[in-house]
Amino acid sequence: MLYAGDNGLSGSITVFHNDFEDKITRLRCTAVGLSTTECPAATQFDIDDDGNLNTNTRVNVDEAVTQGVEASLAAPLGEAVRLTASYTFTDSEQKAVSMRASR
Numbered sequence: 001m002l003y004a005g006d007n008g009l010s011g012s013i014t015v016f017h018n019d020f021e022d023k024i025t026r027l028r029c030t031a032v033g034l035s036t037t038e039c040p041a042a043t044q045f046d047i048d049d050d051g052n053l054n055t056n057t058r059v060n061v062d063e064a065v066t067q068g069v070e071a072s073l074a075a076p077l078g079e080a081v082r083l084t085a086s087y088t089f090t091d092s093e094q095k096a097v098s099m100r101a102s103r
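If you read the sequence shown in UniProt numbering, its first letter stands for residue 1, the second for the next number, and so on.
Please note that a few of the clues may not be correct.
Claimed, not checked - Straight-line C-alpha distance at most 20 Å; calculated EDC-like pairs for lysine to aspartate or glutamate:
1. K95 <-> E21
2. K95 <-> D46
3. K23 <-> D62
4. K23 <-> D48
5. K95 <-> D19
6. K23 <-> D91
7. K23 <-> E93
8. K95 <-> E63
9. K95 <-> D62
Calculated directly from the structure, the hints in this document are not laboratory data.
Produce the complete structure using the sequences and hints provided.
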């Protein structure tokens, strides 16, 4: 939903809910206790903000749900200044993860 007033005030709100089946996601091997050599063959590497090399793989999430709300508000504070604020709340749940090979 979007609002735009004649005085320059504007706002929007979005509500969402997604149900996924057979979603493919990235899994950091070290986060689940797997060493680099134990990580499945289809691996990817990345470097995090601290400069650490991470080993990742893709896994199948049998079921997942994401839902939330996004809102924004903007108001003029003068001819050359505008105040804008936004907020996002997201709730997600992975219901079952499978280590079977991703397609």
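task: Compare the distance between the alpha carbons of K95 and D62 with 20 Å, and conclude whether the hinted pair is satisfied.
output: Distance of about 7 Å is within 20 Å: holds.
message: K23 and D48 were given as a pair; does the straight-line alpha-carbon distance stay at or below 20 Å?
response: 24 Å, violated
- prompt: Going straight from one Cα to the other, do K95 and E21 come out at no more than 20 Å?
  reply: Holds, at about 10 Å.
- prompt: Keeping to a limit of 20 Å between CA atoms, is the pair of K95 and D46 held or broken?
  reply: 26 Å, violated
- prompt: CA of K95 to CA of E63, is that 20 Å or under?
  reply: Answer holds: K95 to E63 is near 5 Å, not above 20 Å.
field: Pair hint outcome, K95 versus D19 [Cα-Cα no greater than 20 Å]
entry: Distance ~11 Å between K95 and D19 Cα, so the pair holds.
message: For a C-alpha distance cap of 20 Å, please report whether K23 and D91 respect it.
response: Holds, at roughly 16 Å.
Pair hint outcome, K23 versus E93 [Cα-Cα no greater than 20 Å]: 12 Å, holds
field: 20 Å limit on alpha-carbon distance, applied to hinted pair K23 and D62
entry: 6 Å, holds
The earlier numbered hints that this structure contradicts are 2, 4.
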